[in-house]
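*Asks:* Chains as they are written, first to last, in the working numbering: chain A, 84 to 398; chain B, 169 to 367.
Incorrect hints may appear among the rest.
Distance ranges between label pairs, derived from CB positions [what the hints assert, rightly or not]:
#, chain 1, residue 1, chain 2, residue 2, range
1, A, D145, B, E329, 52 to 62 angstroms
2, A, R264, B, R233, 56 to 66 angstroms
3, B, K249, A, R155, 24 to 34 angstroms
4, A, L222, B, A335, 53 to 63 angstroms
5, A, G121, B, P299, 31 to 41 angstroms
6, B, A202, A, V257, 49 to 59 angstroms
7, A, D145, B, A176, 48 to 58 angstroms
Don't read these hints as lab results, they were simulated from the structure.
Built from N, CA and C at the ideal position, the CB exists for glycine as well.
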Amino acid sequence: MRRRPTDAMRRLAATAILALCVMYAGAESPNPFTSSGGPSRMSAPASGSIAVLAPVLRAMTDRLAELARQVRESSSPGPMLTLALISLAYGIFHALGPGHGKTIVSTFFLAEEAKLRHSLIAGYLIALVHAVSALAIVLTLFFIVQGVFSTGFESASRIVQTLSFGAIAVIGAVMLVQRIRGKEHSHASGKGHTHDHSHADDHDGEPRQVTFKELFGIALASGVVPCPGASAIILVCLSLNVLFAGVVAVVMISIGMGLTVTVIGSIAILVKRGVLKASSSGHGGGARIVRRIVEIAGASVLFAFGLSLFVAQLV
Amino acid sequence: MRCSSRIALAALFAFVPVFCAYAHPHVFISNHVAVDFEGTVLARVSVEWTFDELFSQMIIADYDRVSKGSFTEAEAMALKKGAFDNLRNYHYFLAFFLNGKALALPPIRDFKPTIKDGRLIYSFSLPLELPIAAKPAELRITSYDDTYYVAFDKTNQSDVEIHSADAVAAEVSIEKTKVKPEWPGQFMPDQIVLRMRRK
Chain A
84 MRRRPTDAMR RLAATAILAL CVMYAGAESP NPFTSSGGPS RMSAPASGSI
134 AVLAPVLRAM TDRLAELARQ VRESSSPGPM LTLALISLAY GIFHALGPGH
184 GKTIVSTFFL AEEAKLRHSL IAGYLIALVH AVSALAIVLT LFFIVQGVFS
234 TGFESASRIV QTLSFGAIAV IGAVMLVQRI RGKEHSHASG KGHTHDHSHA
284 DDHDGEPRQV TFKELFGIAL ASGVVPCPGA SAIILVCLSL NVLFAGVVAV
334 VMISIGMGLT VTVIGSIAIL VKRGVLKASS SGHGGGARIV RRIVEIAGAS
384 VLFAFGLSLF VAQLV
Chain B
169 MRCSSRIALA ALFAFVPVFC AYAHPHVFIS NHVAVDFEGT VLARVSVEWT
219 FDELFSQMII ADYDRVSKGS FTEAEAMALK KGAFDNLRNY HYFLAFFLNG
269 KALALPPIRD FKPTIKDGRL IYSFSLPLEL PIAAKPAELR ITSYDDTYYV
319 AFDKTNQSDV EIHSADAVAA EVSIEKTKVK PEWPGQFMPD QIVLRMRRK
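Please build the complete structure, drawing on both the sequences and the hints.
*Replies:* Pasting the structure below:
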């Protein structure tokens, strides 16, 4: 039986993609105490559901600082193990908020041709980049700059964040241009019927897949902004003379963040796959058109997200 | 799909609002509020914020460099400049409503940072100078950060103290914010509600 994608199906697809992109967008706000100036224009609003989680986050925050002290005082591995586990949980929960690359990764995977393992790779590249970046920034401020850490950190992360938004805008723009110019061999006739000249893209053959270089680019752009929580815990460990505990904590927080980002990336990949599958039953150019819509939408949101946040940082 | 329609599609998606996510807190405060009356005047509201361990230790490491365990005058000044004064851009996380009308935020007085049990505490007061009449008045005090970088712990009745209310009948309750939220699911903090009248 010949079936063409219905309008309802396309609307459904578009709604799913929009919901996914919009849900996770938003910028991390500056620290009101130690930054200079008012709230960021692109700051995300507070949600009732996160208010429910606030006591959990608070308990974790307090526990991390307490455990850092226990690590110094105790020679048993207990506090260190607990510190590692709570850091992991903190990373997972914390990355559910805005920032931390969820919009970037989800829109990136909508625009790219990727398998589930690619979202795992992206998640862990982000974790790696984040851990290295947070450690590098904190250690530089602590040992080399030696000024007031809390204000130094705010200025440093603002610069890094601006650069990262700029990089995201550039990546988004490049992808968008590629998707808009994308090679297409179909010839639409005047009767609204598409003749399909067989080529790789249409037949689940081997469409060009995302490369490691691209995954690393997106991970670098989104993971490089240090999480204030992770940085505070390294600082606390430094001032207690247990740097090793700080390194363990930040690595575990980064892995937790990577896990969350991997899940978000996987959802994007599965949504795209589901939408393409739903629209490809039967013949015709439906699947190809839907693929184009999904990919252009992903790249376009990524570009707009990077650009608007980049501009908001500068003004 | 033609190139022009692809560009139109891209433009359409570029306008997807990109600030709809919900913020999450990094700093946690337990709030303590004292209301001081002088005769029939509500003279001032004094606020005491006790911070979470992580933020406490970061700020203490930054500013308590000489004395270890308390702030010298110079350290307190530096701290005020580096980790408090910027809150003027955030209305010091405070809003006052008298009988439903917003009050202008009074100047901040007597800022003092202290350390207790390893926790950083900020205390300061706001001279409201509100004369209380025989007609009942309702003062609502809300503590919240619009950006939700900072989360205030749930306020309990025991976190509010009333001092020297001999000439005034005052009653405290903790109530939900009445304002309609701007976004679905938006977090609305509880308010301290003070109902008072001259005796």
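*Asks:* Each of the hints needs a verdict: does it hold here or not?
*Replies:* Do the hints match the structure? See the list:
1. A:D145 / B:E329: 52 to 62 angstroms: 25 angstroms, violated
2. A:R264 / B:R233: 56 to 66 angstroms: Hint holds: Cβ distance 58 angstroms, inside 56 to 66 angstroms.
3. B:K249 / A:R155: 24 to 34 angstroms: For R155 of chain A against K249 of chain B, whose Cβ atoms are near 31 angstroms apart, the range 24 to 34 angstroms holds.
4. A:L222 / B:A335: 53 to 63 angstroms: 59 angstroms, holds
5. A:G121 / B:P299: 31 to 41 angstroms: 33 angstroms, holds
6. B:A202 / A:V257: 49 to 59 angstroms: 58 angstroms Cβ-Cβ, so the 49 to 59 angstroms window holds.
7. A:D145 / B:A176: 48 to 58 angstroms: Since D145 of chain A and A176 of chain B have Cβ atoms about 52 angstroms apart, the given range 48 to 58 angstroms holds.
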